[in-house]
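Protein sequences appear in the order of chains A and B.
Heads up, the final residue of the first sequence is numbered 1308 in this note's numbering, and it's a clean run with no missing numbers.
Heads up, the final residue of the second sequence is numbered 279 in this note's numbering, and it's a clean run with no missing numbers.
Quick caveat, the hints were computed from the structure, so don't treat them as lab data.
Hints should not be assumed to be uniformly reliable.
Stated by the list, open to error - According to the in silico footprint, chain A covers these stretches of chain B (three or more CB under 8 Å from chain A):
(1) 189 to 201
(2) 238 to 246
Unchecked claim - Straight-line Cα separation of at most 30 Å, DSSO-like style, residue types lysine-lysine; simulated pairs:
(3) A:K1147 <-> A:K1223
(4) B:K258 <-> A:K1156
(5) A:K1223 <-> B:K258
Remember, it's a predicted structure, so these values are computed and weren't measured experimentally.
We treat Cβ as the ideally placed atom computed from N, Cα and C, and that holds for glycine.
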Amino acid sequence: MIFGARQARPSFLRRLVARAQSREFSAFVVPGPEAVRVLGVDLDATGLQISGTPRHASVLLLVGELPLGLKKAAAVAYAQMPRPRAILAVGTGDVSPLPEPNVSAGLRQEDVAAGVAELRQLFAQSAFSPEVADFDVDAIRTQTEYVCSMHPEVVRSERGSCPICGMELVPREAAGGDGHGAMDHAGHATHHEDMDNGAQEHHDEDHGSRGDIDHGEAEHSTAAHSDGEEGRDDGHEAIEQGGHGQESASHGEHGHAGPGSTDHASADEGDANPDGPGDSEHGAHSEHEGQGQHAGMEHGEHEDHEHAEHGGHGHMDHGDMDFMSMVEMTRDLPRSSDGLQMEWVEDAPFGPLFPGLPGGLTLMLTLDGDTVARAEAEGIEGRPTAEDLAGPAEELIGRLARLDPLSPVAYRVLALRALESAAGVEPEERTALARVGALERERAASHLGWLSIFGHLLGYSWLEDRAGRLQISLVRAANADEITRLRVEAGRLSRRVEKTPLLRRKLKGVGLLPEGAEFLGPVARAGGVVTDVRADEEVYRTLGFEPVVRDGNDALSRLKVRLAEIEQSLDLVGKAGEMTGPEPATNMEPLHEGPATVETPRGVAILRLRLGEGAVNIVELDEPSARHLGLVGGLAEQRELADALVGVASLDLSPWGIAR
Amino acid sequence: MSAVLTVLMLLVGAYLVAVLEGWVSTGRLRPAGPITSGLALLGRESVVPRQPDRIFFEVAPPLLLVAALLAAAVLPLSPGLVVVDLATGALFVNAALAYVMVALVMAGWGPDGTYAMVGGFRFLGQLIAYSMLIVMPITAVAMRAESLFTTEVVESQAVLPNAVYQPVGFVIFFLAAMGVAFLPPLDLPTAPGELAGGVMAEYTGWRLAVMRLARAVLVVTLAAAISVFYLGGWLGPVLPPWAWSALKTLLVAAAMLLAGRYVPRLRETHVLEWGWKIGIPLALFNIFYVGVLLLVVE
């Protein structure tokens, strides 16, 4: 546990503490708890508690193959975890930029349980170790750069004067990233030295755990998640935006990292920058920098003289500020829609590892106090695109099924149907029925999974637990009897939710969508639009399928639609009689272009493919989450934060279904 | 002596509340849970976020603890067992609890992070909703006791506890107390799903341990206040007085912890709207109603 242990010689007391820690495991799950439930793994049974913030977690649990964006986010989360900490990887291959996992295990329940047990042992033995290393990721690295306060375009890696006006350049912090190597190293080397000294000092003194705590703080500034931005990797952007010049320079001096301080920051900037709207951006972007600026922190912690300059400038600026009136200070700052000047936080990231949203989904919110002024959603960086899916026909099914781990069956069926339609064959009735069973089971499980995340967001812990457990049982269910039993339980859950006091009031009118916008799946059906490709399919008609439709077009009606669909889908599984994995029809020989549609749990997905020189080319892949992405802004903007999050969550966006 | 005993009782209470809370949230009853989790937290790094408002960041957890302890100082466990029997005891509870808001806003501002900051602001809003509702019912309680001595408040309920005598006041005070202790469904400042821990999100290690202890003590204190003001405190047959106090306090605490599990978190607008449009008229009505009762019955 070289990156995870606390630096200390093991003593009796520390061993005792380590044992306590090995019993109190709470895990921060990447991409999120829903990704574990989808696999039918019950974390609760392994004794791992789930933590919503890396700050309160001791185990970083990596689940399945992670795209690059999630690995980077996980690395930042890991850096934010206080030591002792450990990484448990289940079914994950290469994890860089994270360090090697302390324990790796398979994806089945017993493997995970064994992994947790192994980790407990490891923790009890080596939570405190004399040898530790600092963990550092590019995304949170800091450098100091020098800018002219009059000419923002002048940025140097060394101290000096401005070639244009001759003024002395002022230092500022910027988050590092690829491509800023040279600058990075200049600022960085010193920083490491500081840190090592700091650690060394404390180590030498070797007084009780308090000493370590202090050194921990210093080192941990790597992590410094000033606002819990799990895994924003915004090195470049931060620098670019930082280039707005003087005010960001003054900003750097102050080193206000996080959005919390945006207002002092902007207050300072008010005098430096008459041009206005830029500064709040700085407040925000410095928050990205904030992740990584150890330098500033270091001087705070260690009174390091090398950095004294920062402090000096900071004071100077504060001096100026005393003469400013409040009106002047806030003059050029952005206003709320009601004209009041509130704490303006630009681009606060909620995600990609945010507990109230599906793991991987990032909401960038500009907050005006606790009102959302602007919202944008993003999917997962590094997720395969349609071009990546091209290749030999026989591999297409597997590749597509891995595209969205939250609904693999739907994507698998989509691939099969496209290939079949290209080959001009129809599956047998039995196969078609089995596919219905598999699809509907996945739909019910997916809706239950959504319900559990939604319950967590709402602070309705009974619902979170109950829906989560039902989802796990449903994924594991092996025969028709179990489905029948689960159908009864789902009915109970549904009635209980509908009767929950205050839930109606909480959801009614939240997440209203504009008339006439294009919706799909449950979101559309909750707005009174009958759109469901299942209604056009022969096999569904023979089963007596009728789409569930509700009026309201808000979060409440979306909840109702999904509750009703859980029951309906389980009924359909019962009627279909089979729920084995979807198998390809025989004699497939793709000939020409093949279009296919599947009603996934989130709405209709469309795939068109073409055969060319032995390989399949994806002509078009249209996914519901991607189409719903544009709705996020309208749902969230000018809403209170909680309402905005509820509105976005009610769409049930899959971050895996959004190309980025 | 009584100070030591009260603090001891509070700590035992906080321990039991922590066990209860663990039980409610994980479904497993682990009597030793708070000890292991406390030890585990003490052995972890306590990270200071970069560029914190250091004073606010450091002061908030102990201040929360102090506020809860101060309020507990005037609450009697038995006739002789009260740290200070102030002539203004019933009001002092409120005065001490006012610092809960200060502590949380500091905890929100100090670490310099979005989640925490929004959490702190939210609690400021929550204060506006609950602050009147935690004072006004006490007025009616004091009217009946004709005193602000907490001991006399308890004795005034010898015939009939206030929970029955003035049920409206009881319900309002109970809900307002949940607001003070930021328990679900009024956990707007911590909101696990919305703010990933909010005001507590940036605390780790021993600082988090202090924060959690403070929260548990606060819950016990408020439960004790409800028991003193509305459930007749130490009064009861057979068992010794302190045991009655302890029992009532624990039952109230358990009710406070359980209630939030079965309902969603309230919307901030609703907390404010219902607090002022429904809560305050009802609290006024309660004062009027108790006044009439006192005039007619006496």
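Evaluated hints:
1. Counting residues of the stretch 189 to 201 of chain B whose beta-carbon sits less than 8 Å from any beta-carbon of chain A gives 1, not enough to reach three: the coverage restraint is violated.
2. Given as covered by chain A, the stretch 238 to 246 of chain B passes the check, having 6 residues with a CB less than 8 Å from a CB of that chain where 3 are the minimum.
3. Between K1147 (chain A) and K1223 (chain A) the alpha-carbon distance is near 28 Å, which keeps this suggested pair within the 30 Å criterion.
4. Between the alpha carbons of K258 (chain B) and K1156 (chain A) the distance comes to roughly 20 Å, so the proposed pair stays at or under 30 Å and holds.
5. A threshold of 30 Å between alpha carbons decides the hint, and for K1223 (chain A) with K258 (chain B) the separation of about 52 Å lies outside it, so the pair is violated.
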